[in-house]
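Let chain A serve as the given structure and place chain B on it in line with the hints.
Below, each chain spelled out in residue letters.
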Amino acid sequence: EPEVTQTPSHQVTQMGQEVILRCVPISNHLYFYWYRQILGQKVEFLVSFYNNEISEKSEIFDDQFSVERPDGSNFTLKIRSTKLEDSAMYFCASSRVGVNQPQHFGDGTRLSIL
Amino acid sequence: AQSVTQLDSQVPVFEEAPVELRCNYSSSVSVYLFWYVQYPNQGLQLLLKYLSGSTLVKGINGFEAEFNKSQTSFHLRKPSVHISDTAEYFCAVSAVNQAGTALIFGKGTTLSVSS
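Keeping their order, the protein sequence lines are chains A and B. Per our numbering, residue 1 is the first one in the first sequence, and the count goes up by one each step. Per our numbering, residue 115 is the first one in the second sequence, and the count goes up by one each step.
For the record, the hints were derived by calculation from the structure and aren't laboratory data. All of these numbers come straight from a predicted model, not from anything done at the bench. Ideal Cβ placement from N, Cα and C applies to all residues, glycine included. Warning: the hint list may mix true and false statements.
[Unchecked claim] Straight-line C-alpha distance at most 35 Å; calculated DSBU-like pairs for lysine-lysine:
hint : chain 1 : residue 1 : chain 2 : residue 2
1    : B       : 183       : B       : 221
2    : A       : 83        : A       : 57
3    : A       : 57        : B       : 221
4    : A       : 42        : A       : 57
5    : A       : 83        : A       : 42
6    : A       : 78        : B       : 183
7    : A       : 57        : B       : 183
8    : A       : 78        : A       : 57
9    : B       : 221       : B       : 163
10   : B       : 221       : A       : 42
11   : A       : 42        : B       : 163
12   : B       : 172       : B       : 221
13   : B       : 163       : A       : 57
14   : B       : 172       : A       : 78
15   : B       : 172       : A       : 83
16   : B       : 163       : B       : 183
17   : A       : 83        : B       : 183
18   : B       : 172       : B       : 183
19   : A       : 42        : B       : 183
20   : B       : 172       : A       : 42
[Unchecked claim] Here are some of the chain B residues that sit facing chain A, going by a computed Cβ distance under 7 Å:
hint : residue
21   : 156
22   : 157
23   : 162
24   : 165
25   : 167
26   : 211
27   : 213
28   : 214
29   : 221
Just chain A, same shape as in the assembly:
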């Protein structure tokens, strides 16, 4: 069964540095998403992406965040200047086009900001 894959599984970065989290969505999916889960808290929506543009974003997704589909297979989340509170598990998800298509999640990238 096709899967969403995320790399790396764990990223350690110094505060203030830029970080890029990478995702390969399922190949026939056209909607892509990023979520994050701070330790002990709920999974929170960050952004959705379709047709090379952001379709929806939360208030968490401020100017320090950006997303990109640099080629036909990857989907990335960039955090420009990381803060301690960015430490979290970041999940990528993808879904087919359609109003009732379920989102399929990757295993996540654990981001630790020092």
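Below, chain B without anything else, positioned relative to chain A:
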């Protein structure tokens, strides 16, 4: 806006016992409802979903859930649990008829099955 409340943060249960994980939601629009499971060090896996039709939905691994519109609930049940069901379970909603829209999650319920 939508919100999801999972009423129990932890549910300990013995193997082969029945279990119910509770979920209530609030929304100003119609929603789809989902349960996801997260095993240790893994991502979120879809257990089951309610989109429309029969209010009792069956999912993978013997789980089922019942949508109750009047009580705005979507409780997850399994008649007999296994050790391997030990995991974090998340209830989630999304707005109907909006493709690519956000999933709104509850805080999760940790199910611990012991022998």
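Verification of the hints:
Taking the CA atoms of residue 183 of chain B and residue 221 of chain B, the gap is about 21 Å. The hint holds against a cut of 35 Å. Under the criterion of a C-alpha separation no larger than 35 Å, the hint pairing residue 83 of chain A with residue 57 of chain A is consistent with the structure, at around 20 Å. Simply put, residue 57 of chain A and residue 221 of chain B have alpha-carbon atoms about 20 Å apart, close enough for the 35 Å limit, and the pair holds. For a cut-off of 35 Å, the pair hint linking residue 42 of chain A to residue 57 of chain A stands: about 17 Å separates their Cα positions.
Note on residue 83 of chain A and residue 42 of chain A: the hinted pairing holds, with a Cα-Cα distance of about 19 Å set against a maximum of 35 Å. For the hint linking residue 78 of chain A to residue 183 of chain B, the alpha-carbon distance of about 40 Å lies beyond 35 Å, and the restraint is violated. Pair hint residue 57 of chain A plus residue 183 of chain B holds up; C-alpha atoms about 28 Å apart against a cutoff of 35 Å. Straight-line distance between C-alpha atoms of residue 78 of chain A and residue 57 of chain A comes to about 14 Å, which keeps the hinted pair within the 35 Å bound.
About 18 Å separates the Cα atoms of residue 221 of chain B and residue 163 of chain B, which keeps this hinted pair within 35 Å; it holds. For a cut-off of 35 Å, the pair hint linking residue 221 of chain B to residue 42 of chain A stands: about 4 Å separates their Cα positions. For the hint linking residue 42 of chain A to residue 163 of chain B, the alpha-carbon distance of about 19 Å falls within 35 Å, and the restraint holds. In summary, the hint linking residue 172 of chain B to residue 221 of chain B is supported, as the alpha carbons are separated by about 22 Å, within the 35 Å threshold.
Between residue 163 of chain B and residue 57 of chain A, the direct Cα distance comes to roughly 23 Å. Compliance with the 35 Å bound is thereby established for this hinted pair. Annotation: proposed proximity of residue 172 of chain B to residue 78 of chain A is violated, straight-line Cα distance about 38 Å (limit 35 Å). Under the criterion of a C-alpha separation no larger than 35 Å, the hint pairing residue 172 of chain B with residue 83 of chain A is inconsistent with the structure, at around 42 Å. As the CA atoms of residue 163 of chain B and residue 183 of chain B are separated by approximately 15 Å, the hinted pair is consistent with the 35 Å bound.
Pair hint residue 83 of chain A plus residue 183 of chain B does not hold up; C-alpha atoms about 41 Å apart against a cutoff of 35 Å. Restraint check for residue 172 of chain B and residue 183 of chain B: satisfied, since their Cα atoms lie roughly 17 Å apart, inside the 35 Å limit. Restraint check for residue 42 of chain A and residue 183 of chain B: satisfied, since their Cα atoms lie roughly 24 Å apart, inside the 35 Å limit. This hinted pair checks out: residue 172 of chain B and residue 42 of chain A have alpha carbons roughly 25 Å apart, not beyond 35 Å.
Because the closest C-beta pair between residue 156 of chain B and chain A is about 5 Å apart, less than 7 Å, the hint holds. The beta carbon of residue 157 of chain B comes within 4 Å of a beta carbon in chain A, closer than 7 Å, and the hint placing it at the interface holds. Checking residue 162 of chain B against chain A by beta carbon gives a least distance of about 10 Å; that is not within 7 Å, so the hint is violated. For residue 165 of chain B, the interface hint holds, the least distance from its beta-carbon to any beta-carbon of chain A being 5 Å, beneath 7 Å.
Residue-level restraint check for residue 167 of chain B is violated (minimum Cβ-Cβ distance to chain A is 11 Å; threshold 7 Å). Annotation: interface hint on residue 211 of chain B holds; nearest CB of chain A at approximately 5 Å, less than 7 Å. Taking 7 Å as the C-beta contact cut-off toward chain A, the hint placing residue 213 of chain B at the interface holds, the least distance being around 5 Å. For the restraint placing residue 214 of chain B at the interface with chain A, the shortest Cβ-Cβ distance is roughly 4 Å, inside the 7 Å limit, so the hint holds.
Hint status for residue 221 of chain B relative to chain A: holds, with the closest Cβ pair at about 4 Å, below 7 Å.
When the structure is compared with the earlier hints, violations turn up for hints 6, 14, 15, 17, 23, 25 and for no others.
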